[in-house]
Amino acid sequence: MTEKRKAVALISGGLDSLLAARVMMDQGVHVEGINFYTGFCVEGHTHAIRKKDRDRPKRNNALWVAEQLGIKLHILDIIEEYKDIVINPKHGYGSNLNPCLDCKIFMVNKAREWIDDHGFDCIVTGEVIGQRPKSQRRDTLPVVARESGADDRLVRPLCAKNLPPTRPEKEGWLDRDKLHDFSGRSRKPQMALAAHYGFEDYAQPAGGCCFLTDKQYSVKLADLWATRGKREYELDDIMLLKVGRHIRPGPNYKLIVGREEGENRFMEGYRKRFVHMLPTSHSGPLVLLDGEPDNNDIELAARLTARFSQGRDAERVIVEVTGKNGESRALAVKPYPAEQVPASWYL
Amino acid sequence: MKSVDARCLLCPLPVIRTQDAVASLQAGDSLEVLCTDPGAIHDIPAWCRVHGHEVCDINEQEDTITITIRVGSP
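Those sequence lines, one after another, are chains L and R.
For the first sequence, this note's numbering assigns the number 29 to the initial residue and increments by one for each residue that follows.
For the second sequence, this note's numbering assigns the number 303 to the initial residue and increments by one for each residue that follows.
No lab work stands behind these hints: they were computed from the structure.
Each hint can be trusted.
Chain R stretches covered by chain L per the calculated footprint, using a threshold of three residues with CB under 8 Å from any CB of chain L:
hint	region
1	305 to 316
2	335 to 348
3	351 to 359
Note that the structure is predicted; figures quoted are calculated from it, not measured.
C-beta: ideal position from N, C-alpha, C; glycine also.
Looking at chain L on its own, in the form it has when it is part of the complex (with noise of 0.2 Å):
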């Protein structure tokens, strides 16, 4: 009896790496599934800051996919190795900051090195010829590819009659007539084979799954960048962008100010490490100060934070102002004119 072929599927929790791994099921492949933290992911973290997402059922949809197909499913963290990929992408930006092509050229590289440790036989994206303006292209595929080090061994279901075969095709373990033709950013060839497949409740596919291709997070990322004079970032830094008004009045500070109940008490994990503030005499926003604020800036900020309170239209607002060292002192402000705010201080 021969050994069964092993494959390990890159599952985003979309429809197209759900779909390409069960193609390859169907030929008797065993598969399992890779899914990687970069930290800029949409999902999970921003479900669980906001109180009207947490109100909603929530799943991890690359753990949906796996149950779906009942297969495993291995979640790595890259947070740190990514940041090179964000910070000096070989192959550029898409749109905004996101690094698409090193991005996959990354993860298809840690999956090499998955599968030559485990014994895999090749690896299995979703891709489509077509499909992503950066990323999926007939010319950015091969780079893939070739970049990454799986040459062969990496294996597109979804748009194989569309490439050279590859080494499980050659092989004579994979057939070619039972993989697709799929190309283009039309979604109905995807759709039908799910509705064959028996595939209903699927993530809406293609894309919306990493905050680097949000325009507004990219400009608050290259904000960050631009105010520290360096291109860094730790996991904290990006988790912050995901949440709250950024209001940025001078370079050297900016307030991030809670939008609701759910930004708020995710924010008061951060309290001690920022100057903070809180209007006490009426109800209203944590807000963190990131930065260096002098006196001046951290009066101005009061009036800010005293304008998204409830007492915005009062004439005076106490806010307490806690430094990094704990000690608060309250401050009475006027509330800043909410027109009179420039709208150049929102990132």
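With chain L's structure known, arrange chain R on it following the hints.
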């Protein structure tokens, strides 16, 4: 019983910490995971199901969720 402190971490980090801890355990061993992200109540049992581990107990007290797992066979 081995314990993992994943408090103040947001999913999927509690799942990853659980996965890393289970890797060093034997079938039949138990693991206690402490977390605060309510998402872990869904995600850790889902991860256990796909890997064949058993969730023995989920206990919520104030803000801390304690999930007890018995490791299954590889």
